[in-house]
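A.B. asks: What follows is the residue order along each chain.
Protein chains: 2
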Amino acid sequence: MTVTISAFDRSPDGGKGLARDTRVRWALEEVGQAYEVRPVTFAALKEPAYLALQPFGQIPTYEEGGLVLFESGGIILHIAEQHEGLLPKAADARARAISWMFAAVNSVEPPILEFANARLLESDKPWSKERLPLVVERMRKPLRQVEVRLGDAQWLDGDFSAGDLMMVSVLQRLKPSGLLNEFSVLADYVARAEARPAYKRAYEAQLAFNTRK
Amino acid sequence: MTVTISAFDRSPDGGKGLARDTRVRWALEEVGQAYEVRPVTFAALKEPAYLALQPFGQIPTYEEGGLVLFESGGIILHIAEQHEGLLPKAADARARAISWMFAAVNSVEPPILEFANARLLESDKPWSKERLPLVVERMRKPLRQVEVRLGDAQWLDGDFSAGDLMMVSVLQRLKPSGLLNEFSVLADYVARAEARPAYKRAYEAQLAFNTRK
Chain A
81 MTVTISAFDR SPDGGKGLAR DTRVRWALEE VGQAYEVRPV TFAALKEPAY LALQPFGQIP
141 TYEEGGLVLF ESGGIILHIA EQHEGLLPKA ADARARAISW MFAAVNSVEP PILEFANARL
201 LESDKPWSKE RLPLVVERMR KPLRQVEVRL GDAQWLDGDF SAGDLMMVSV LQRLKPSGLL
261 NEFSVLADYV ARAEARPAYK RAYEAQLAFN TRK
Chain B
81 MTVTISAFDR SPDGGKGLAR DTRVRWALEE VGQAYEVRPV TFAALKEPAY LALQPFGQIP
141 TYEEGGLVLF ESGGIILHIA EQHEGLLPKA ADARARAISW MFAAVNSVEP PILEFANARL
201 LESDKPWSKE RLPLVVERMR KPLRQVEVRL GDAQWLDGDF SAGDLMMVSV LQRLKPSGLL
261 NEFSVLADYV ARAEARPAYK RAYEAQLAFN TRK
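Taken in order, these protein sequences are the chains called A and B. Add 80 to a position in the first sequence, counting from 1, and you land on the number used in this note's numbering. Add 80 to a position in the second sequence, counting from 1, and you land on the number used in this note's numbering.
There's no promise every hint is true.
Stated by the list, open to error - Listed next, the in silico SDA-like pairs over lysine to any residue satisfying Cα-Cα at most 20 Å (straight line):
(1) K293(A) with T121(A)
(2) K126(A) with R220(B)
(3) K205(B) with K255(A)
(4) K221(A) with L133(B)
(5) K169(A) with V148(B)
(6) K205(B) with A275(A)
(7) K221(A) with L131(B)
(8) K280(B) with E262(B)
(9) K221(B) with R218(A)
(10) K126(B) with K169(B)
(11) K255(A) with K169(A)
(12) K221(B) with K169(A)
(13) K205(A) with E210(B)
(14) K169(B) with E144(A)
(15) K96(B) with K126(B)
(16) K205(B) with K169(A)
(17) K209(A) with R220(B)
(18) K280(B) with A267(B)
(19) K280(B) with G95(B)
I should point out that these hints are in silico values taken from the structure, not numbers from a laboratory.
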């Protein structure tokens with residue numbers, strides 16, 4: 081089986097691992113599935129041929145034989161269902177792990193995206209300075225709630241799962257602002273995930289890709 | 081099997097179907113699974129007993145025997161996996177439908193939530209009037225992209241699926257502002273979904289619940 085994912089020809093983060101191909105590379109590394117990478121330029125993202133694969137003009141896509149998937153959550157769940165290692169075998173625990181995947185992208189990520197928009201897209205606006213603390217406070221609420229739930233545990237619900245992979249990927253978006261360090265439980269959780277050999281391989285692969293000559 | 085979901089004791093929308101229990105009721109109606117509803121007051125949402133079920137202090141939760149799930153996406157995917165009717169049987173089509181569920185909550189909903197925050201939480205701020213058009217424009221981009229992908233089709237990918245259920249639920253959030261009407265393809269898509277008998281039953285049930293004496 082040949083798996084091909086798309087990634088930015090050159091990621092805007094220069095290889096810091098924050099583009100969404102990294103989480104898919106990570107999932108593939110966790111399950112030991114080799115993959116190829118198709119670089120896509122910013123211009124190509126807007127072309128009909130690419131939009132046919134990814135209607136939002138984003139990376140990554142996932143191609144496996146005749147199957148084309150987009151949206152990192154859907155791709156990672158597919159990988160987790162095809163291979164062992166990212167979802168518990170027990171039905172109830174599996175359903176809970178999948179719920180954490182949705183929690184990551186729907187309860188935790190939206191205020192983080194709003195914060196990113198405030199910093200990146202509205203930093204030159206007259207309201208920027210006064211508004212930013214409001215946006216940060218809105219983001220802190222779900223972050224505190226994940227901290228409370230995590231408590232002393234290593235992972236969100238038993239063994240490491242695709243739910244942790246998604247949650248950590250979302251939390252990593254806080255690193256450039258330094259805000260992750262406000263939440264020591266979450267910072268440790270992210271560090272624990274980043275110490276996994278599969279994450280390291282994924283990170284190194286995207287770094288090498290984004291700094292290639 | 082007894083299924084119990086939680087819902088606001090009184091939804092802030094007064095029964096317009098915009099609280100997140102409606103989408104879970106809808107999924108349950110599509111597959112013909114009876115359910116009970118546990119009302120939760122705003123005060124109870126913050127109590128440890130409820131947070132143990134739902135770490136973000138939101139509705140709905142889903143209880144089935146010893147299984148407790150939260151997060152509407154995870155709940156609906158669980159329902160879709162337990163019963164026929166919400167996911168295609170063919171593996172590739174099934175994976176694509178699940179990707180649409182993630183696309184709804186992660187590519188389409190975040191800018192809609194940001195718009196809701198701008199309207200509901202920042203309407204009294206000095207920047208409100210000048211900033212709102214920016215936020216609306218940010219939201220229009222993925223909406224146009226869903227319109228393009230949908231085109232003349234009835235549903236996103238073949239038959240109606242949990243992907244459509246999630247996407248329509250997300251798009252319904254645009255109704256109070258009137259913005260959905262800007263997108264005639266999407267407005268028709270939402271209307272088509274709302275005409276489904278299962279949706280009507282879910283809507284009527286949440287309305288009766290929220291207007292009970």
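A.B. asks: Could you run down the list of hints and mark each one as holding or not?
C.D. replies: Hints, one by one, checked against the model:
Restraint check for K293(A) and T121(A): satisfied, since their Cα atoms lie roughly 15 Å apart, inside the 20 Å limit. With a CA separation close to 16 Å, the supplied pair K126(A) and R220(B) stays within the 20 Å bound. Taking the CA atoms of K205(B) and K255(A), the gap is about 29 Å. The hint is violated against a cut of 20 Å. Restraint check: the Cα-Cα separation between K221(A) and L133(B) comes to about 17 Å, which is no more than 20 Å; the hinted pair holds.
Of the pairs offered as hints, the one joining K169(A) and V148(B) holds, with about 17 Å between alpha carbons and a cut-off of 20 Å not exceeded. Between K205(B) and A275(A) the CA atoms are separated by roughly 43 Å; this puts the pair beyond 20 Å, and the hint is violated. Taking the CA atoms of K221(A) and L131(B), the gap is about 13 Å. The hint holds against a cut of 20 Å. For the given pair, K280(B) sits about 24 Å from E262(B) by alpha-carbon distance, which is inconsistent with the 20 Å threshold.
Of the supplied pair hints, the one linking K221(B) and R218(A) is violated, its CA atoms being roughly 24 Å apart against a limit of 20 Å. For the proposed pair K126(B) and K169(B), the alpha carbon gap of about 40 Å is over 20 Å, so the pair is violated. Annotation: proposed proximity of K255(A) to K169(A) is violated, straight-line Cα distance about 33 Å (limit 20 Å). A distance of roughly 39 Å separates the Cα atoms of K221(B) and K169(A); the hinted pair therefore is violated under the 20 Å criterion.
Taken as a hint, the K205(A) and E210(B) pair is honoured in the structure, with Cα atoms around 10 Å apart against an allowance of 20 Å. The hinted pair formed by K169(B) and E144(A) meets the criterion: a straight-line CA distance of about 18 Å does not exceed 20 Å. Only pairs whose Cα atoms come within 20 Å are accepted, and K96(B) paired with K126(B) is rejected, the gap being roughly 24 Å. Only pairs whose Cα atoms come within 20 Å are accepted, and K205(B) paired with K169(A) is rejected, the gap being roughly 50 Å.
Restraint check for K209(A) and R220(B): not satisfied, since their Cα atoms lie roughly 26 Å apart, outside the 20 Å limit. With a C-alpha separation of about 17 Å, the suggested pairing of K280(B) with A267(B) holds against the 20 Å cut-off. Straight-line distance between C-alpha atoms of K280(B) and G95(B) comes to about 13 Å, which keeps the hinted pair within the 20 Å bound.
In summary, the numbered hints that this structure violates are 3, 6, 8, 9, 10, 11, 12, 15, 16, 17.
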